[in-house]
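2 protein chains.
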Amino acid sequence: MKYYLGLDVGGTNLAAGVVTEDYEIVSRKSVPSGAGKSVVEIVQAMSDVSKEVLAEVGLTEADVDYWGIGMPSCVNPKTKLLVHANCFGWRNIPILDYLSRHTRLPIVLENDGRCATYGEILAGAGKDYINAIMLTLGTGVGGGIILNRKIYSGADHMGCELGHTKLIYNGRLCTCGQYGCMDAYCSARGLLDTALDELRETKEKNSQLWEVCNGELNSLTVRQIFDVWNQKDALAEKIVTQYVDHLAVGMSTLITIFRPEIIILGGGVSNAGDDFLWRVNERLKVRTFAGEEIGVPQVVRAKLGNDAGIIGAAMLGAKQPFIL
Amino acid sequence: MKYYLGLDVGGTNLAAGVVTEDYEIVSRKSVPSGAGKSVVEIVQAMSDVSKEVLAEVGLTEADVDYWGIGMPSCVNPKTKLLVHANCFGWRNIPILDYLSRHTRLPIVLENDGRCATYGEILAGAGKDYINAIMLTLGTGVGGGIILNRKIYSGADHMGCELGHTKLIYNGRLCTCGQYGCMDAYCSARGLLDTALDELRETKEKNSQLWEVCNGELNSLTVRQIFDVWNQKDALAEKIVTQYVDHLAVGMSTLITIFRPEIIILGGGVSNAGDDFLWRVNERLKVRTFAGEEIGVPQVVRAKLGNDAGIIGAAMLGAKQPFIL
Numbered sequence: 004m005k006y007y008l009g010l011d012v013g014g015t016n017l018a019a020g021v022v023t024e025d026y027e028i029v030s031r032k033s034v035p036s037g038a039g040k041s042v043v044e045i046v047q048a049m050s051d052v053s054k055e056v057l058a059e060v061g062l063t064e065a066d067v068d069y070w071g072i073g074m075p076s077c078v079n080p081k082t083k084l085l086v087h088a089n090c091f092g093w094r095n096i097p098i099l100d101y102l103s104r105h106t107r108l109p110i111v112l113e114n115d116g117r118c119a120t121y122g123e124i125l126a127g128a129g130k131d132y133i134n135a136i137m138l139t140l141g142t143g144v145g146g147g148i149i150l151n152r153k154i155y156s157g158a159d160h161m162g163c164e165l166g167h168t169k170l171i172y173n174g175r176l177c178t179c180g181q182y183g184c185m186d187a188y189c190s191a192r193g194l195l196d197t198a199l200d201e202l203r204e205t206k207e208k209n210s211q212l213w214e215v216c217n218g219e220l221n222s223l224t225v226r227q228i229f230d231v232w233n234q235k236d237a238l239a240e241k242i243v244t245q246y247v248d249h250l251a252v253g254m255s256t257l258i259t260i261f262r263p264e265i266i267i268l269g270g271g272v273s274n275a276g277d278d279f280l281w282r283v284n285e286r287l288k289v290r291t292f293a294g295e296e297i298g299v300p301q302v303v304r305a306k307l308g309n310d311a312g313i314i315g316a317a318m319l320g321a322k323q324p325f326i327l
Numbered sequence: 004m005k006y007y008l009g010l011d012v013g014g015t016n017l018a019a020g021v022v023t024e025d026y027e028i029v030s031r032k033s034v035p036s037g038a039g040k041s042v043v044e045i046v047q048a049m050s051d052v053s054k055e056v057l058a059e060v061g062l063t064e065a066d067v068d069y070w071g072i073g074m075p076s077c078v079n080p081k082t083k084l085l086v087h088a089n090c091f092g093w094r095n096i097p098i099l100d101y102l103s104r105h106t107r108l109p110i111v112l113e114n115d116g117r118c119a120t121y122g123e124i125l126a127g128a129g130k131d132y133i134n135a136i137m138l139t140l141g142t143g144v145g146g147g148i149i150l151n152r153k154i155y156s157g158a159d160h161m162g163c164e165l166g167h168t169k170l171i172y173n174g175r176l177c178t179c180g181q182y183g184c185m186d187a188y189c190s191a192r193g194l195l196d197t198a199l200d201e202l203r204e205t206k207e208k209n210s211q212l213w214e215v216c217n218g219e220l221n222s223l224t225v226r227q228i229f230d231v232w233n234q235k236d237a238l239a240e241k242i243v244t245q246y247v248d249h250l251a252v253g254m255s256t257l258i259t260i261f262r263p264e265i266i267i268l269g270g271g272v273s274n275a276g277d278d279f280l281w282r283v284n285e286r287l288k289v290r291t292f293a294g295e296e297i298g299v300p301q302v303v304r305a306k307l308g309n310d311a312g313i314i315g316a317a318m319l320g321a322k323q324p325f326i327l
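As they're listed, the protein sequences go chains A and B.
Residues in the first sequence are numbered from 4 upward in steps of one, following the numbering used here.
Residues in the second sequence are numbered from 4 upward in steps of one, following the numbering used here.
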């Protein structure tokens, strides 16, 4: 049996795993990613957790061919620098230099959203499809594009930052410094911002949303919004309807360009339940260019959860995963 | 010498040409496309003009291998129907059936914007580039995407309708039935609509724009707007600044996804002059996600004008032009 080592670096957790050639994770561990700590400390933790998952199944670095890593942003092949990692506040970091101090393995590093997408297309919700898009609705909006079962990552792997496609002209300031990005509306943070806008503007003070957070608007969570929505609260309905429309319009731009067979949703917001998913599908039918003539792709939930990022990272070097 | 037959079908003209293997047009003719006439009449004209350009250089259908045609929209390979051709008011037309009554040649039909893009990458402004995007700012906004010097057209060739990516959430009603598409702001019509909005709202009645159209706002042309702008008219400045910003934000979504090396502008608005092009480039630097770290593609004018569509259509069957 051949084994692969994958590490998924997120703003919240570092999740490492040992993966078989059948995409089964035989060993895994997740530790806090330590956002706010120094690059040296975070890279140390990345190395430690990766070695631990190998050791747990009696393996060492000598038993794998490379260290596959999914990270926010991507290494610019021209500058060799990690361009952006907003969750760590990093810009233009020589991440490969830091990482190579910890290993003799070749390092294969790719954007985390694209790794999760690749995992889902290999072994998850995209297993039976040729052309797919995945959107991860988490802290930010990430994602990936699959063309002919391979990852499309833009020229020099610098594209496909789907969360930073524009949704609302001159809209909310995004973490990227631009305005009105899909990320600013369709991420968990974006949903909370939409909720806060509504709560601050509304004159209806009888929404259950006020109760669940004890009037402390800044403590409101995505889970609470959907719980209250499931109880038919009118203000929560307005907020979720707005969120679903933002998401549908954002997706419609991607459909207009790519016409994928399927759109896979991952990340925290995608766990909001079947009613939410039904709403997204219905709204997308209304919002898609030439949907009647060409058809509208089905929107489904990711199947592998956090495993997708580990599997995708682990398989980055196994066969040529990129279309370009 | 090998010859190719290409026909570029637009809302205004049908332009046919005979093209050599070196992308030289040795015979060409353009006739009004007859929007408003029946499908039968328009297809007859398509056939006539194509046969005329062959005859002009002493050739017949027997001297070429196929009839390459660029048209608005695209034939859905599943239904075999031409999906949309808004300029003719067509939806789901069995165009190949109509066309095949006029020829024994194989018909190779592709979206007109993608044909023009392919022409520019083969022989025009994109000749030296690997990854490019072209936008035609004409009656509508069309365009094409070049990945690795091949056309990317979306799954089943149904994607890459770049004019219908979303620019302004719930913005102007677009010809496609959706709202806020790039087409509704960045086409010639979109520029005129922006101008009319400004002219109707402004209290400044001393703009030269009022004079050039003799107060008949609906007769205002794109050319007049840019002429007045070149004379430093304040209201024209506001209108052009707004247009350039719309265009830059629309392009920024495409850059975020594809990171092309170059963006080629074609269509009537692209002829507005060097100052206009400079403005577009400057604004794009401000509006592009991670432009400082990754760089911002240069925006240039198309080189081949209307020839691009003829050359691209003519070469559709010469070698595999599609990446998928």
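No lab work stands behind these hints, which were simulated from the structure alone.
Computed from a predicted structure; not experimentally measured.
You may find that some hints are simply not true.
Treat identical chains as interchangeable: a pair holds within one or across any two.
Stated by the list, open to error - Using 27 Å as the maximum straight-line C-alpha spacing, the simulated BS3-like pairs for lysine-lysine come out as follows: (1) 153 with 40; (2) 206 with 153; (3) 206 with 322; (4) 208 with 322; (5) 208 with 40; (6) 81 with 153; (7) 288 with 81; (8) 235 with 54; (9) 153 with 322; (10) 83 with 322; (11) 40 with 83.
Now the hints, each set against the structure:
1. 153 with 40: Cα proximity of residue 153 and residue 40: none, with 35 Å in one copy and 44 Å across.
2. 206 with 153: Neither, since 50 Å and 56 Å both go past 27 Å.
3. 206 with 322: neither (57 Å within a copy, 64 Å between copies)
4. 208 with 322: Neither: 57 Å inside a copy, 66 Å across copies.
5. 208 with 40: Intra 41 Å, inter 59 Å, cutoff 27 Å: neither.
6. 81 with 153: both (23 Å within a copy, 23 Å between copies)
7. 288 with 81: Between copies only: 19 Å across chains, 41 Å inside a chain, cut-off 27 Å.
8. 235 with 54: neither (48 Å within a copy, 66 Å between copies)
9. 153 with 322: both (10 Å within a copy, 23 Å between copies)
10. 83 with 322: Intra 22 Å, inter 36 Å, cutoff 27 Å: intra-copy only.
11. 40 with 83: Classified as within: same-chain Cα gap 22 Å, cross-chain 58 Å, threshold 27 Å.
Violated hints for the displayed structure, listed by number in ascending order: 1, 2, 3, 4, 5 and 8.
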